[in-house]
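Trainee: The task is simple: from the sequences and hints, build the whole structure.
Our numbering puts the first residue of the sequence shown at 100, with every later residue one more than the last.
Note that these hints are calculated values from the structure, not bench results.
All C-beta atoms in this analysis are idealised placements derived from N, C-alpha and C, irrespective of residue type, glycine included.
Keep in mind that the hints are not guaranteed to be accurate.
To be verified - Simulated restraints, written as ranges between beta carbons of each label pair:
hint	residue 1	residue 2	range
1	Ala301	Pro373	55 to 63 Å
2	Leu390	Ala129	53 to 61 Å
3	Ala483	Ala426	45 to 53 Å
4	Ala129	Arg289	49 to 57 Å
5	Ala566	Gly299	18 to 26 Å
6	Leu162	His526	38 to 46 Å
7	His526	Leu372	34 to 42 Å
8	Leu162	Gly334	47 to 55 Å
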Amino acid sequence: MSQFLVIVAFLCLSAPSLADLVGAPTDIRAAAIAAVLPQVLLVLVVWLAISACGRTMDKRGSLRAAFMGDRIARWGRLASTTLHAVACVLFAWPDGVRQSLGELVLVDELVALAPVVLTWLAIMWVQEPIDRRLREAVMMRRLDEGRPIYPFQSRTATVWSHFRSTILVILVPIFMVVTASESIEIALTRSGHDLGTEDGQALLGTLQLVGVGCVFLAAPLVLRFVWDAVPIGEGELRSALLKVAEDSRVRLRSLFVWRTGGIMINGAAVGILPGLRFVLLTDGLLDHLTLDQVRAVAAHEFGHLRRRHLLWLVACMAACVFSLSIALTWLDRWMQALAPSFQTMSEFGAGGAAILAGLWVFGFVSRRFEWQADAFAAQTLSRAGAGLETPAITPEAAGAMIGALDAVADLNGIPRRRRSWRHGSIHTRQTRLRAIVGLPLEGLAIDRECLRIRVASLVVLGLSIGAVAMDHLALRWFSELVR
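Mentor: Written out as structure tokens, the structure reads:
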């Protein structure tokens with residue numbers, strides 16, 4: 100959910116405002132008050148509510164109070180993002196920032212996002228005592244079971260680690276893209292190019308696309324440091340994971356331990372090019388899962404790389420937003436012909452519809468790619484553990500991935516039926532894994548579904564590009580005819 104909110108908050112900076120709709124100037128003071136004051140009040144309310152949950156935990160030892168505190172924090176982040184959207188749309192907060200600071204590279208975006216991002220950080224700070232109580236309880240159980248334990252980090256270090264792994268990991272690539280795009284535009288302007296012409300816009304768009312692509316490819320090098328990761332040393336674990344990578348037919352640059360102080364059980368795969376691919380596994384995951392379960396998690400991450408899920412996810416979103424934008428542009432022309440005064444209103448609705456559709460597609464496709472990566476892990480481990488005479492998903496392979504998901508749910512305190520925008524629920528993922536036991540390794544239903552998604556995205560992108568080309572030629576022919 101946090102990554103989703105970061106994307107929404109950033110997209111709100113480009114949303115048309117009510118001031119644009121009515122043609123009124125931006126009241127900078129009112130915009131600043133609308134952006135900051137509600138966020139401060141929200142933090143106060145969340146602090147009071149979560150503090151009450153903490154007192155209930157201390158008095159009664161209520162686990163329900165802990166879950167309520169987590170729920171309040173999640174709803175608080177959602178409310179903060181909603182308040183940010185209101186400030187952007189109704190009070191033109193981003194325009195007010197640009198009028199005050201000018202079009203400085205990245206600075207206006209940083210200032211405009213500061214209220215909502217600082218509110219998220221404050222909510223994490225308020226929530227940390229609840230999480231600490233749970234970690235203290237779990238630590239006693241781990242001591243009884245003889246499992247590894249970690250020294251408790253300070254409140255500041257814990258919050259900062261959580262902020263880096265959930266917020267900065269999305270914000271940093273976004274800021275890199277913004278910096279590249281704005282720098283290219285400034286460089287072209289200073290070199291004497293007229294960006295108001297059709298050729299100037301085409302040149303700008305092409306160079307920005309190349310710049311974004313370069314950032315996209317190089318981002319893994321930066322994210323490694325955002326995540327505080329170090330290479331996995333030589334030994335049995337590294338050899339086992341490299342063997343899984345070989346079985347998965349995945350080339351990667353390195354394997355990393357993601358240092359979280361044992362407070363997070365997770366894994367991640369980043370990068371597209373083999374020389375810039377990384378797989379990260381948290382220290383808590385390596386310490387608390389069995390070797391077979393760690394191999395299953397690694398195979399899951401290798402599945403993302405092998406199936407190029409990141410690249411196809413971007414393609415699917417681009418196909419959705421691009422095609423919908425074209426359709427809404429044509430609708431906008433029709434509305435202008437009927438009622439020119441509705442031009443800004445139609446732009447307002449078109450932009451919002453394109454953003455919402457793109458985010459919905461992102462979640463829909465992302466969940467299916469997660470299911471495919473789970474199946475890929477079961478396929479890979481089945482190939483490694485069975486002979487060629489039994490090319491089917493084995494119970495042991497599926498069970499290793501199911502057990503890993505169980506451990507993630509238990510150690511992270513995640514209810515198995517809780518839905519996730521990007522991953523779906525753990526219960527659904529486990530049910531799907533159980534359903535493929537005994538099926539042939541090739542031709543799984545989820546593989547066919549993901550293939551249809553990829554083909555559909557290519558078809559939609561191709562049709563959209565063709566529609567833009569035809570539209571461009573038609574407009575040029577019409578302008579020459581009128582002349």
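Trainee: Could you work out which of the previously given hints the structure breaks and list their numbers from low to high?
Mentor: 1, 4, 6 and 8
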